[in-house]
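There are 2 protein chains.
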Amino acid sequence: MSANVQDAIVLFGDSITQGGWETGMNGFGANLSHVYARKMDVINRGLSGYNTEWAIPVFEQYFAKREHQMYLPTVRLLVIWFGANDACLIPSPQHVPPAKFESNIKHFVDLVQSPRSEYYSRDTRIILVTPPPVNTHARRADLEGRSPPLQLDRDFETTRRYAEIVKDVALEKKVGIVDIWTRIWDAAGRDEGALNKYLGDGLHLNGAGYELVYDGLLETIRKSFPELHPDNVEMIFPHWTSVVTQ
Amino acid sequence: MSANVQDAIVLFGDSITQGGWETGMNGFGANLSHVYARKMDVINRGLSGYNTEWAIPVFEQYFAKREHQMYLPTVRLLVIWFGANDACLIPSPQHVPPAKFESNIKHFVDLVQSPRSEYYSRDTRIILVTPPPVNTHARRADLEGRSPPLQLDRDFETTRRYAEIVKDVALEKKVGIVDIWTRIWDAAGRDEGALNKYLGDGLHLNGAGYELVYDGLLETIRKSFPELHPDNVEMIFPHWTSVVTQ
Numbered sequence: 001m002s003a004n005v006q007d008a009i010v011l012f013g014d015s016i017t018q019g020g021w022e023t024g025m026n027g028f029g030a031n032l033s034h035v036y037a038r039k040m041d042v043i044n045r046g047l048s049g050y051n052t053e054w055a056i057p058v059f060e061q062y063f064a065k066r067e068h069q070m071y072l073p074t075v076r077l078l079v080i081w082f083g084a085n086d087a088c089l090i091p092s093p094q095h096v097p098p099a100k101f102e103s104n105i106k107h108f109v110d111l112v113q114s115p116r117s118e119y120y121s122r123d124t125r126i127i128l129v130t131p132p133p134v135n136t137h138a139r140r141a142d143l144e145g146r147s148p149p150l151q152l153d154r155d156f157e158t159t160r161r162y163a164e165i166v167k168d169v170a171l172e173k174k175v176g177i178v179d180i181w182t183r184i185w186d187a188a189g190r191d192e193g194a195l196n197k198y199l200g201d202g203l204h205l206n207g208a209g210y211e212l213v214y215d216g217l218l219e220t221i222r223k224s225f226p227e228l229h230p231d232n233v234e235m236i237f238p239h240w241t242s243v244v245t246q
Numbered sequence: 001m002s003a004n005v006q007d008a009i010v011l012f013g014d015s016i017t018q019g020g021w022e023t024g025m026n027g028f029g030a031n032l033s034h035v036y037a038r039k040m041d042v043i044n045r046g047l048s049g050y051n052t053e054w055a056i057p058v059f060e061q062y063f064a065k066r067e068h069q070m071y072l073p074t075v076r077l078l079v080i081w082f083g084a085n086d087a088c089l090i091p092s093p094q095h096v097p098p099a100k101f102e103s104n105i106k107h108f109v110d111l112v113q114s115p116r117s118e119y120y121s122r123d124t125r126i127i128l129v130t131p132p133p134v135n136t137h138a139r140r141a142d143l144e145g146r147s148p149p150l151q152l153d154r155d156f157e158t159t160r161r162y163a164e165i166v167k168d169v170a171l172e173k174k175v176g177i178v179d180i181w182t183r184i185w186d187a188a189g190r191d192e193g194a195l196n197k198y199l200g201d202g203l204h205l206n207g208a209g210y211e212l213v214y215d216g217l218l219e220t221i222r223k224s225f226p227e228l229h230p231d232n233v234e235m236i237f238p239h240w241t242s243v244v245t246q
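Chains as they are written, first to last, in the working numbering: chain A, 1 to 246; chain B, 1 to 246.
Chain A with its partners taken away, still in its complex shape:
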């Protein structure tokens, strides 16, 4: 049984989070796991295909209620990264209307931060991440190339709107933010065609895209929660050369 010795960072999101450890992908999850080794466990709670609506009942099982928290690893940092599926176009079953998406993201924050919540955790900091931009052309080509061909299910402007909502919620709730939508858009020279440098299929990140996420997270951690930056977290058990001299 794994005892409660290391605090945790939980990455909670959709397929872009779930894929963060994929082989050869330079995934942000794997890279965070490496720099936090012996300091904090980095836990994958990515749910491919899920929108915020479906993620709520999962959250209520993934996160411990107050009465169990004393036995379990403390989540020092919760990264919440949804929107890529919520922003699906009607009539996709993944579509969540913007107002509902906004209230769901707020709900996740409140579940952790409201003293009235069953899941209230004073020790958990929150970072919201915006969905990445969609390359409508690449996404359409990908879907039309499938057998049978599928209709376009996401587009650039709609996902941009969902990214704006996440930024607004972060401001209102005073939590951390990584605006990966803008980081990738700027890195691509604000040219939708150039997004393929960061998005293999127009939707999911490739290694270059994940690198921007990793860099963005470490910048936000340093700025908003410096005590959680890997440079500032001590190893739980000492370096071996200290063991020798004990």
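Please keep in mind that the hints were generated in silico from the structure rather than gathered at the bench.
Each hint should be verified, as a subset may be incorrect.
What the hints assert, rightly or not - In silico lysine to aspartate or glutamate, DMTMM-like type, Cα no more than 20 Å apart, as pairs:
hint	chain 1	residue 1	chain 2	residue 2
1	A	167	A	155
2	A	39	B	60
3	A	167	A	102
4	A	173	A	157
5	B	39	A	22
6	A	167	A	157
7	B	106	B	172
8	B	39	A	60
9	A	39	B	22
10	A	223	A	179
11	A	106	A	172
12	B	106	B	179
Since we're looking at a predicted model, the values are computed, not measured.
For this one, chain A is given, so just place chain B on it according to the hints.
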């Protein structure tokens, strides 16, 4: 707080385990994390530089005692991988004599498997991994190139002996085994000079070496504990298309 919803695989060892998520390394830890996503958490309990002697008090804190196990994630699989530091040559402070190394590895197994142990866990399967072969020439060159130059601290024949000990313990204790020593030695055509295909510095694995470890672990899991193979473990929460149709 991270609730107790996913069982765990714990990788317990030295720097070769700790480095298993390193960026661009094709690390076995990152790759296991990916294939077990939404099924089991893969936990890094690698301790760079540690030998079995120093790892015992750490183990006693990392693993939950019986009375706390009910609250914590079940470790379904414990991978124990030491020997690379125990096999250091006298007078290295990392050196652990062969008989002591053998009794320490047995002690780890007994801590989990003996019904008399405080850490007894009926649900935990164990796989031992042998230390990889040392390329004496590459290791010597690496150490002599440092400032100040260091003396050779490990050699091929000594580490081979420690690998044999791990195999013998696995047979005696009837636990799983990945004999990475022999896998790498065979893959290198039993030519010490050719070991550099798998060991960057004569001691630590590179991506090709980690691939052999990953393949070896999945083979042993399939053979010895098929119920724990990723193909046979269900996702905790359903695929999104099942959520839609609920």
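Now for the hints, and whether the structure bears them out:
no.	hint	result
1	167(A) with 155(A)	holds (19 Å)
2	39(A) with 60(B)	holds (18 Å)
3	167(A) with 102(A)	holds (10 Å)
4	173(A) with 157(A)	violated (25 Å)
5	39(B) with 22(A)	holds (15 Å)
6	167(A) with 157(A)	holds (16 Å)
7	106(B) with 172(B)	holds (9 Å)
8	39(B) with 60(A)	holds (18 Å)
9	39(A) with 22(B)	holds (15 Å)
10	223(A) with 179(A)	holds (14 Å)
11	106(A) with 172(A)	holds (9 Å)
12	106(B) with 179(B)	holds (17 Å)
When the structure is compared with the earlier hints, a violation turns up for hint 4 alone.
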